[in-house]
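**Student:** Fit chain B to the known structure of chain A by using the hints.
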Amino acid sequence: MNSFKKLNNVSILLLALMVSCSAPPENGEKANNNSAQRTGAATSEPSVAQSGTPTATSNNANPSTAQPPVAQPAPAQPASKPANDSAKPDTKAASDSAAAKERAPRLFVPDKKLDFGKQPQDKNLARTFPIKNVGSADLLIESVTPS
Amino acid sequence: MDFPKVLRPGQAGSIKVKVETGKAPGPHVKSVTIKTNDPNDPSVMVQFAFDVKEK
Numbered sequence: 001m002n003s004f005k006k007l008n009n010v011s012i013l014l015l016a017l018m019v020s021c022s023a024p025p026e027n028g029e030k031a032n033n034n035s036a037q038r039t040g041a042a043t044s045e046p047s048v049a050q051s052g053t054p055t056a057t058s059n060n061a062n063p064s065t066a067q068p069p070v071a072q073p074a075p076a077q078p079a080s081k082p083a084n085d086s087a088k089p090d091t092k093a094a095s096d097s098a099a100a101k102e103r104a105p106r107l108f109v110p111d112k113k114l115d116f117g118k119q120p121q122d123k124n125l126a127r128t129f130p131i132k133n134v135g136s137a138d139l140l141i142e143s144v145t146p147s
Numbered sequence: 001m002d003f004p005k006v007l008r009p010g011q012a013g014s015i016k017v018k019v020e021t022g023k024a025p026g027p028h029v030k031s032v033t034i035k036t037n038d039p040n041d042p043s044v045m046v047q048f049a050f051d052v053k054e055k
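Here the protein sequences come in this chain order: A and B. Quick note: the first sequence uses the numbering used here, first residue 1, plus one each step. Quick note: the second sequence uses the numbering used here, first residue 1, plus one each step.
These are computed hints drawn from the structure, not numbers from a lab. Any given hint could turn out to be false.
To be verified - Per label pair, the in silico range of CB-to-CB distance:
(1) A:ASP122 to B:LYS5: 26 to 34 Å
(2) A:LYS118 to B:PRO9: 35 to 43 Å
(3) B:LYS53 to A:SER136: 43 to 51 Å
(4) B:GLY22 to A:LYS112: 18 to 26 Å
We put the beta carbon where it would ideally sit given N, CA and C, even for glycine.
Next comes chain B alone, as it looks inside the complex:
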């Protein structure tokens, strides 16, 4: 995963994630946890939903 180490106040960035769909068909939800020095919310979870189709 690619992500910036430091963001200045007001600065925007992006986080790149890679998800493998796997073989199991159907809906899936994968998540990642972002840990920062934010005192209000030091751990933020981001979810990725996808529906795997059968070949």
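Next up, chain A with everything else stripped away, as it sits in the complex:
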């Protein structure tokens, strides 16, 4: 009887063990499984998840790389082109006029007011005053008339 009771006890224990093993998993086990799945997903990016900080950098890097390039202001060439086109004749004319001015004669009279001093009446005075062409072209003296 005692041995039979012992056997019954042992069988009961075995049954309890079997029941415990076959029971569905509890909540804690579920979280563990989810974490395992996450780690598993992370393991798809193994180097990134395990290191920790690289994830942040990589995440930051990815958005940075993923960011579209910053739109730069359009160059002003199209706007300048018509201006250049319209300004071409003006510039040419300006350059021509500048060139003309550069190659022009220029009269230089050092003394434009001469003082003869005290003179007697009815006397003819003759004086010469200097002039010079300081320009870059021939100076033509058309006339010298009393005013």
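**Tutor:** Positioned in the frame of chain A, the structure of chain B alone reads:
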């Protein structure tokens, strides 16, 4: 009046003028106008001042 017709660039010249003092005593100012092909100043005036003394 004697004056050169053409002056080359950098060339110097002179203009000779003759002025009559007249009979009227006192200060006088006479002027001549030089006309050239200078685009900046095509007409230049030169003045001659003198003081006529009574005899």
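**Student:** Hint by hint, say whether it matches the structure.
**Tutor:** Taking the hints in turn, this is what the structure says about them:
| no. | hint | verdict |
| --- | --- | --- |
| 1 | A:ASP122 to B:LYS5: 26 to 34 Å | 32 Å, holds |
| 2 | A:LYS118 to B:PRO9: 35 to 43 Å | 40 Å, holds |
| 3 | B:LYS53 to A:SER136: 43 to 51 Å | 46 Å, holds |
| 4 | B:GLY22 to A:LYS112: 18 to 26 Å | 22 Å, holds |
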